[in-house]
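In the order they appear, the protein sequences are chains Y and L.
Residue 255 in my numbering sits at position 255 of the first sequence; the count goes up by one each step and never skips.
Residue 456 in my numbering sits at position 456 of the second sequence; the count goes up by one each step and never skips.
Derived from the structure by calculation, the hints contain no laboratory data.
As the structure is a prediction and not an experimental result, all values here were calculated from the model.
Hints may be right or wrong, so weigh each one.
[Unchecked claim] Derived pair list, reagent style DMTMM-like, types lysine to aspartate or glutamate, alpha-carbon separation capped at 25 angstroms:
id	chain 1	residue 1	chain 2	residue 2
1	Y	K244	L	E324
2	Y	K82	L	D344
3	L	K326	Y	E229
4	Y	K244	L	E332
5	L	K142	Y	D309
6	Y	K82	L	E226
7	L	K326	L	D355
8	L	K278	L	E252
9	Y	K82	L	D353
10	L	K278	L	D353
11	Y	K244	Y	E229
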Amino acid sequence: MRLEPIPNPSAARRLGLPALALVATLGVAMALALIAGANPLAVLGQIAKGALGSKLAILETLNRATPLIFTGLAVAVAFRAKLWNIGAEAQLYAGAIVAVLLGTGALGSPLVLPVSALAAMLAGAALLLGPVLLKTRLGVDEVVTTLLLNFIMLLFVSYLLEGPLKDPMGMGWPKSPALIPEARLPRIVDGLRLHWGFALAIIAAVVVWVIQTRTTLGFEIRAVGQNPEAARFAGMPVNTVLVKTALLSGGLAALAGWSEVAGLKGHLSSDLSPGFGYTGIIVAMLALLHPLGVILTAIFVAGIFVGSDAMSRAAGVPTYIADMLLATALLFMVLAILLTRVRVVRG
Amino acid sequence: MTTGPAEAEVVLRLDRITKRFGALTANDAVSLTLRRGEVVALLGENGAGKTTLMNILFGHYVADEGTVEVFGQPLPPGTPRAALAAGVGMVHQHFTLAGNLTVLENITLGTESLWSRSHGGARAKVERLSRDFGLAVHPDAKVGRLSVGERQRVEILKALYRDARILILDEPTAVLTPQESDALFATLRKATALGLSVIFISHKLHEVMAIADRCVVLRHGRVVGEVDTHATDKAALAALMVGGELSLPRAEARAPGPVLMRLEGVSTPDRGAAPGLKAVTLELRAGQITGLAGVSGNGQAALAEIVGGLAVPAAGQLSLHGQEPKVWSPGEALARGVARIPEDRHHQGSIADFDLTENAVLEAYRSRFSRRAWMDWRAARAFAEGIIKDYDVRCPGPSTRIRLLSGGNMQKLILGRAMAPGPDIILANQPVRGLDVGAIAYVQGQLIAARDRGAAVLLISEDLDEIMALSDVIHVMSQGRLSPGFARGTMTAADLGLWMAGQKFGDTDAA
Ligand SMILES: Nc1ncnc2c1ncn2[C@@H]1O[C@H](COP(=O)(O)OP(=O)(O)OP(=O)(O)O)[C@@H](O)[C@H]1O
Ligand SMILES: [Mg+2]
C-alpha cells in the first residue's frame, strides 16, 4: 500500500468524506451498544432524545456547549497560527479563579461582571504568555509547556480550595465560597435555565471570525501559520503575531472557566471542568478550525455528552460511550481530512 | 544525433489533448510524438501549458479530451503509477524529495510496500545507474544537505531506478549553475545513446539548440510550430514563441546619482558549506544598475539577506542615504523603499495556499490596504487586478490560489508587488529565473525603467550575458569576497570569468 497525493480534490470528496466519517461514527456507536448488550438503534435514539428531546434537554446541551465553544475557539485561533496550545484547561481554571477572587465581594455591582470578565481574560492570556515567549525566544516546544501547565494548574486549584479560597461554610468540601448575586451571569430568558455565557460564546465566535477574515491581525495569523518564512520576508513581525495569537487564545479559554463559575455553578470546585480544555481540541478539529463551525461542533459534542448521560440512565449502557464516540468521531474526521488529500493505492 | 531518431520507433504519442481549468483552456488539442533516442524540447511562454501537458502525460491531471499512447499501448488516465509502469519518469519543475531521508531512501521510496522496507539490490542498482549515466551522488547523504544540482541528479536517478524509458524534465536547468547544466547535458546524451527518449522543457534557447533534436512550441495552450533544431535558430524560435519579433532591452550608460545604500566592510559568519561575506564594501547609486556576477553559493545569499533586511552585519556597517539605520529588518527595509525580488519565490516570495490578492498585499497590507486594524479587501483586490493586468499574469483571476500559477506567472506577480510602491532601491535576486523570453524582456525593461527614474538596482544573476547587458557597474563574488566595481564595457566575459574563479582576488589583497 502506498499513499498518493491528489492535487485537486473534488467537492464530492471534500464534503462526502467528512459526512462518511459521521456515518462511520454512528456505526461504531451502534456496535458499542451491541457489545454492552443493548438495542443499538434504541441507544442512538435515546442519545438523540437525551440531547434534544425536550426544552430542558436542549437547554442542558447548550449550557454544556458554552465552555466548549470558548475552549474550541481558543484552540482554533492558536492552531491557525500553528501555535499548539494544549493548555486551554489551565487557562480555563485561571479564568475561574479570577471569577471567584473578584466575585465574592471584592467588587460591587455593576462593575463586577465586566471587570472580572476582562481580568479573567488577562489571567488566561498571561498564562499562555510564558510558553509562547519560551517558544519565540528559546525555541522551547509549546506542546510540552502548555500541557504541563495543565497539571500544575490543577494542583494549584486544589491548593487554593484547601487553603486560601476554601469556603468556611462548606462543611469541609473543597470548594470556594459562592459568588455574590451581582457577580452572577443572569439568565437570557427568565425561567429558562440558560445563562448569558452562551450568548457571549456566540458573540466571541463571531468576533473571532471577523478578526480572522477582516483584520490585519487575522491576515497575519493566517500568513504566519501557513508560511512563517514568507511572512517574515514580507516584513510581518512573526514573533509579535505569535504573542498576540497566544493572548487571544488564552483569553478565550479563560472565559470558559469564568462563565462556568459566573453563569452555571456560582462557585469554584476542582471538578469544574471535566476536561473542557482537551475536548476543545476535538471541537476545533472537527470544525476544521473555522470559528463559526466551532459553535456547531461544540453543540454536537455537548449533545453527545448530555445525551449519553440520559441514555445511560435509561438503557444502562455506561456513559463512557460518549468518550468513545468522540474519540472515534475525531479519528474518523482526521482520516477523512487526510483522505481528501491523498488516496491509498495498492502496490 | 540528428540522424537516427527521425526514423526510429515512436515511443510516445499524445493525441489531441485538451485540458480546461474553468474558463481557461490550458491545453487545446495538443498532439506530440516522441521517438526512441530523441530529445524533444517543449517551448512556450509562461502559462502556455507545458507543465500541464506533462502532468497529464504523467497522470497527475486527467485530460478532458484526447489520448496518450506509450510504446503503442494506451495509457490509462489519471494514475502516475500506470505512467511509471509504462516507463515514463518525470522530474518536476519543483523538486519532490524528502529532505530528511537519504539519497538511497528517496530513490527507493514508493517502489516498496509500506510494510517491507528491505534494500536488497537497491544500492547496487543505484550505484550502477549513477556510474552509467554520470550522476555522481553519495547514496547515504541526507537529501536536505545536498545542493540543487545534486538534488536534481537524485530526481533523475529516481526516475531511472524505476526503469524509465521516457524522461520528462520540466525546466531542469532553471536552478542550475552553467557548470551543472553542462553536466546534465552530458547525462542526457548518455541516456539517449542508450535508447532513452527525453522531453525537455526550458526557456533558455541556447540550451534547446544544444541538446534538442526537435522543438515543439506551445502558445496559449496550442501547438503553433514544430521545427527541427538544426533547421532553425534562436531568433526564429523566440519569434515563434511570442508570435512576433522581440528585442531584448539594452541599458544605455547614464551618469550615476548619489549613493543610496552603502555596505562598509560587512562580514557575516559562514553557514556550513556556504561562505559568509568577507569584509564586503559595496555602493548602490541612484540611477545605476549594479550587477553581481558569480557562481551561486559564493555569498550572494548572505549579501541579499543583508540588503533585504533579513540579516544584520556581524561586522561592518550598512547605511542608507548616509545614515546607519537603528533597526534593520524586512519591515524596515520595505519602509525605507527597498524592494526585494527573492530568489526563492516558493518559500520566501509567496504563500502557496493564499490567493493572488492575499499574496499581492503581503508586503503592503499595513501601509496601503488597511484602515486602522481593518483590511481593505476591495482595494487589495483592485491592486491585485492591476498587477495581473499590467504584468500580464496569466491566471483565472485574483482569487486563484498562487500555487496553481505557472512558475513564470508567479514571478510576475511578485515583481509587480515589489515594483508597485516605486522603490528607491531594488534588490533583484535571479529575477528572470524560469521566465520566458517575452517576460524576461519585460522584467529587464522594468528594471531599466526603474533605474532611469532614479532607483538603485542590485541585480544578482548567474547569467553573465544578463549581467553584462544590464549593469552599469559589475562586481564579482567569489568565496564571500567582492571584487572592485568595473564600469560598463571595461571587462570581457573572459576577464570576469577569472574573477569568478577567484584567481584575481590575491592581486587586490596585495595592493
Ligand atoms: N490546477 C490548476 N487550476 C487552475 N489553473 C491552472 C491549474 N494548473 C495550471 N493552471 C493554469 O494553466 C495555465 C498553464 O499552466 P502551466 O503550468 O502548464 O504553464 P507552463 O507552460 O508550464 O508555464 P511556465 O513556463 O511558467 O512554467 C496557467 O495559466 C495556469 O495558471
Ligand atoms: Mg511550467
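Each hint tested on the structure:
1. Y/K244 x L/E324: violated (30 angstroms)
2. Y/K82 x L/D344: holds (22 angstroms)
3. L/K326 x Y/E229: Status holds; Cα separation ~23 angstroms.
4. Y/K244 x L/E332: holds (21 angstroms)
5. L/K142 x Y/D309: violated (54 angstroms)
6. Y/K82 x L/E226: violated (50 angstroms)
7. L/K326 x L/D355: violated (35 angstroms)
8. L/K278 x L/E252: violated (32 angstroms)
9. Y/K82 x L/D353: holds (15 angstroms)
10. L/K278 x L/D353: violated (38 angstroms)
11. Y/K244 x Y/E229: holds (18 angstroms)
In this structure, the earlier hints numbered 1, 5, 6, 7, 8 and 10 are contradicted, and the remaining ones agree with it.
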